[in-house]
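Turn these sequences into a full structure, and let the hints steer you where they fit.
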Amino acid sequence: MEKFTPFEGIVAPLDRANVDTDLIIPKQFLKSIKRTGFGPNLFDELRYLDEGQPGQDCSNRPLNPDFVLNKPRYKGASVLLARRNFGCGSSREHAPWALTDFGFRTVLAPSFADIFFNNSFKNGLLPIVLSEEVIDQLFKETQAAEGYRLTVDLASQQIIKPDGSTIAFEVDPFRKHCLLEGLDDIGLTLQDADAIQEYEAKRRQTAPWLFDAIK
Amino acid sequence: MAGKTLYDKLWEAHVVKQREDGTALIYIDRQLLHEVTSPQAFEGLRLAGRKPWRLDANIATPDHNVPTTNRSGPIEDEVSRIQVQTLDDNCDEFGILEFKMNDARQGIVHVMGPEQGATLPGMTIVCGDSHTATHGAFGALAHGIGTSEVEHVLATQCLIQKKMKSMLIKVDGELGAGVTAKDVVLAIIAKIGTAGGTGYAIEFGGSVMQSLSMEGRMTVCNMAIEGGARAGMVAVDDKTIEYFKGRPFSPKGEQWEQAVEYWRTLHSDADAQFDAVVELDGSQIKPQVSWGTSPEMVVAIDEALPDPAAESDPVKAEGMRRAYEYMGLKPGITMGDVVPDRVFIGSCTNSRIEDLRAAAEVAKGRKVSAKVKQAMVVPGSGLVKQQAEAEGLDKIFMEAGFEWREPGCSMCLAMNADRLGDGEHCASTSNRNFEGRQGYGGRTHLVSPAMAAAAAVAGRFVDVRELN
Ligand code: SF4
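Respectively, the protein sequence lines represent chains A and B.
Numbering follows numbering that gives the first Met the number 0, in which position 57 of the first sequence is assigned residue number 56; successive positions increment by one, without gaps.
Numbering follows numbering that gives the first Met the number 0, in which position 266 of the second sequence is assigned residue number 265; successive positions increment by one, without gaps.
It cannot be assumed that every hint is accurate.
Claimed, not checked - Which residues of chain B face chain A? A few of them, derived with a C-beta cut under 10 Å, are:
hint: 1; residue: Ile58
hint: 2; residue: Thr197
hint: 3; residue: Arg321
What the hints assert, rightly or not - Taking lysine-lysine and the DSS-like style, the derived pairs with C-alpha atoms no more than 27 Å apart in a straight line are:
hint: 4; chain 1: B; residue 1: Lys50; chain 2: A; residue 2: Lys214
hint: 5; chain 1: B; residue 1: Lys315; chain 2: A; residue 2: Lys139
hint: 6; chain 1: A; residue 1: Lys33; chain 2: B; residue 2: Lys50
hint: 7; chain 1: B; residue 1: Lys3; chain 2: A; residue 2: Lys201
hint: 8; chain 1: B; residue 1: Lys370; chain 2: A; residue 2: Lys201
hint: 9; chain 1: A; residue 1: Lys214; chain 2: B; residue 2: Lys99
hint: 10; chain 1: B; residue 1: Lys99; chain 2: A; residue 2: Lys33
hint: 11; chain 1: B; residue 1: Lys8; chain 2: A; residue 2: Lys201
hint: 12; chain 1: A; residue 1: Lys70; chain 2: B; residue 2: Lys315
hint: 13; chain 1: B; residue 1: Lys161; chain 2: A; residue 2: Lys2
hint: 14; chain 1: B; residue 1: Lys251; chain 2: A; residue 2: Lys214
hint: 15; chain 1: B; residue 1: Lys16; chain 2: A; residue 2: Lys201
hint: 16; chain 1: B; residue 1: Lys244; chain 2: A; residue 2: Lys201
hint: 17; chain 1: A; residue 1: Lys214; chain 2: B; residue 2: Lys370
hint: 18; chain 1: B; residue 1: Lys164; chain 2: A; residue 2: Lys175
hint: 19; chain 1: A; residue 1: Lys175; chain 2: B; residue 2: Lys161
hint: 20; chain 1: A; residue 1: Lys201; chain 2: B; residue 2: Lys329
hint: 21; chain 1: B; residue 1: Lys370; chain 2: B; residue 2: Lys329
hint: 22; chain 1: B; residue 1: Lys16; chain 2: A; residue 2: Lys175
hint: 23; chain 1: A; residue 1: Lys201; chain 2: B; residue 2: Lys162
hint: 24; chain 1: B; residue 1: Lys251; chain 2: A; residue 2: Lys175
hint: 25; chain 1: B; residue 1: Lys161; chain 2: A; residue 2: Lys201
hint: 26; chain 1: B; residue 1: Lys164; chain 2: B; residue 2: Lys370
Simulated from the structure, these hints should not be mistaken for lab results.
Just so you know, these numbers come straight off a predicted model, no measurement behind them.
C-beta atoms are modelled at their ideal positions from N, C-alpha and C, and glycine is treated no differently.
Here it is, written out as structure tokens:
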């Protein structure tokens with residue numbers, strides 16, 4: 000994973016609560032056995048006027064002109080502004096894959112679904128929880144000013160607004176560390192291989208039926 | 000000191016290492032794998048030159064993509080075929096036990112696991128699928144994970160987790176006739192909302208939960224995620240233990256005795272404290288139907304659909320308006336005014352033998368209405384299918400005009416050929432009514448198996464209790 004560095008980006012406002020993972024990336028695209036290439040199908044059902052098929056060239060498909068990401072003013076957006084319970088639904092990691100492949104690096108919302116929240120950190124996508132009031136204010140500002148941009152600095156846990164004012168945000172220290180360093184969780188966990196083996200040895204004594212049942 | 004919750008006990012038994020930042024390395028006893036969320040995980044292992052930590056902790060079966068019609072030939076859809084083939088190849092290459100498409104033990108992972116005794120009380124169980132909470136019905140800690148975590152568990156047999164908060168949902172009283180586990184869980188979600196359980200591990204308790212069969216408990220836990228919770232669970236009792244007697248991977252002999260002794264400790268202590276408690280009166284629950292595009296948009300069958308104008312929360316009201324537009328419905332009507340174009344009985348929520356029996360009881364001696372284009376029954380596994388056929392349920396369904404299919408996820412998410420047409424309404428026993436979930440433009444109404452069968456024969460949504 001790449002290191003999460005500070006960045007400034009255009010903000011795209013997706014004004015709708017409970018955006019579910021089926022909406023983020025519809026199931027027909029889950030048939031891919033790769034991790035990449037989901038960007039063109041991000042929000043497929045909202046973005047295009049026809050029904051998308053896997054493997055299809057999206058450049059000739061009819062766009063829904065009313066959908067926020069199709070509006071020229073939000074082109075190149077890397078900050079997604081969203082409403083409560085973003086990412087609810089399935090555990091598909093294709094959702095953060097599609098968001099990052101499209102170019103988003105962070106999602107700002109009043110709340111996220113647990114699994115989506117967790118999956119995002121594993122893929123260099125930073126989900127930031129802000130209060131309903133702050134989110135509301137950001138929606139207003141984004142809609143009012145074309146080209147509205149925010150700077151996101153994970154190290155100092157701050158969002159910097161165009162007028163220089165800042166919004167502080169919380170992030171779990173371990174996840175922050177992994178994102179900043181671009182660390183692979185598996186490598187970290189394997190440093191504790193001894194502890195895992197020790198646990199297994201003890202567990203085998205007390206609950207032997209948990210081992211070797213399936214061969 | 001307050002006693003421990005079931006969740007506390009399960010958590011504590013699996014901590015490998017507590018970290019200073021509040022996270023812990025948690026040991027995973029069982030991982031279930033299917034074709035959609037595993038290919039990238041296996042690929043990750045290969046690229047890093049890693050091997051699975053413990054082969055016998057994993058079990059796999061294809062379910063999301065498999066056709067539910069004739070399976071004698073290869074899967075017609077090429078992309079689906081490649082994905083199922085990739086699972087087969089990965090399991091063969093790494094040496095993981097898999098029930099392949101034409102094995103009688105194949106089925107939806109969440110049906111197959113318990114049926115085989117691959118899911119047991121006291122285990123930590125994960126799967127790259129959000130409905131993994133199903134297995135919590137057996138007093139296990141089970142939850143869905145993403146593909147990176149699937150790879151993490153394959154490589155280390157552990158997950159990095161933060162302990163969740165605990166919630167007790169207590170359903171007391173007694174259910175009325177014709178009211179099922181599905182109605183209970185829909186009523187719960189309608190009450191707490193789709194984010195009500197976010198950040199919590201839910202324990203379902205109370206006299207109603209105790210009275211439910213293991214199948215019914217699975218139905219309730221299955222939909223914990225629709226209430227926002229990754230994990231749902233029910234305490235172990237005699238029914239739980241009885242369920243595992245003689246299952247292929249259940250402990251045997253002396254180990255069985257030892258296991259049962261441990262399993263009997265898997266309940267919350269009488270003085271345990273929960274971070275949140277929600278109570279419902281089971282006797283007040285009526286058959287439920289979802290009307291909108293979120294599992295919290297649910298009404299009782301005789302209730303009028305809610306008016307967004309009466310909703311004080313503007314974000315919610317906007318969501319309701321959008322849902323009405325998508326569903327082609329209006330506030331004030333009742334679901335009895337709606338005709339289901341298709342009926343789907345299946346999915347990890349409701350495709351077990353008890354579900355099929357309940358639907359068959361309604362279908363028996365009746366005919367699918369001419370207004371309904373298609374009614375299908377998709378058993379959860381090959382073994383459920385065999386059992387149903389042994390009981391003659393297949394005949395009852397087919398005589399009534401239902402299609403009798405091969406096991407898989409099918410129209411629950413329409414990744415295979417089974418799907419809704421644009422604008423079609425469906426009475427479905429699945430768990431999600433999101434836009435496009437069952438097919439582009441499709442309109443899903445979540446119901447119990449009995450209610451789905453009743454809608455099929457009546458040609459509109461009806462109260463199964465009033466079907467003469
Ligand atoms: S039946 Fe539906 S919800 Fe269950 S695992 Fe399959 S696709 Fe997911």
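Right, here's what the structure says about each hint:
1. Ile58: At about 6 Å, which falls below the 10 Å cut-off, the nearest Cβ of chain A leaves the hint on Ile58/B intact, so it holds.
2. Thr197: With a minimum Cβ separation of about 6 Å from chain A (threshold 10 Å), the hint on Thr197/B holds.
3. Arg321: Since chain A brings a Cβ to about 7 Å from Arg321/B, closer than 10 Å, the hint holds.
4. Lys50/B with Lys214/A: holds (17 Å)
5. Lys315/B with Lys139/A: holds (19 Å)
6. Lys33/A with Lys50/B: With Cα atoms ~20 Å apart, Lys33/A and Lys50/B stay inside 27 Å; holds.
7. Lys3/B with Lys201/A: holds (22 Å)
8. Lys370/B with Lys201/A: violated (61 Å)
9. Lys214/A with Lys99/B: holds (15 Å)
10. Lys99/B with Lys33/A: This hinted pair holds, its Cα atoms lying about 22 Å apart.
11. Lys8/B with Lys201/A: holds (17 Å)
12. Lys70/A with Lys315/B: Holds: Lys70/A and Lys315/B sit about 25 Å apart, inside 27 Å.
13. Lys161/B with Lys2/A: Distance ~23 Å between Lys161/B and Lys2/A Cα, so the pair holds.
14. Lys251/B with Lys214/A: Holds, at about 15 Å.
15. Lys16/B with Lys201/A: Measuring from Cα to Cα gives roughly 14 Å; hence the hint holds.
16. Lys244/B with Lys201/A: holds (26 Å)
17. Lys214/A with Lys370/B: violated (50 Å)
18. Lys164/B with Lys175/A: Between Lys164/B and Lys175/A the Cα gap is close to 22 Å, so the pair holds against 27 Å.
19. Lys175/A with Lys161/B: It holds: about 14 Å lies between the C-alpha atoms, which stays within 27 Å.
20. Lys201/A with Lys329/B: violated (60 Å)
21. Lys370/B with Lys329/B: holds (21 Å)
22. Lys16/B with Lys175/A: holds (20 Å)
23. Lys201/A with Lys162/B: Holds - the C-alpha atoms of Lys162/B and Lys201/A are around 22 Å apart, at most 27 Å.
24. Lys251/B with Lys175/A: violated (46 Å)
25. Lys161/B with Lys201/A: Holds. Lys161/B to Lys201/A sits at ~23 Å (cutoff 27 Å).
26. Lys164/B with Lys370/B: Roughly 47 Å between the alpha carbons, so the hint for Lys164/B and Lys370/B is violated.
Checked against the numbered hints listed earlier, the structure breaks hints 8, 17, 20, 24, 26; every other hint is satisfied.
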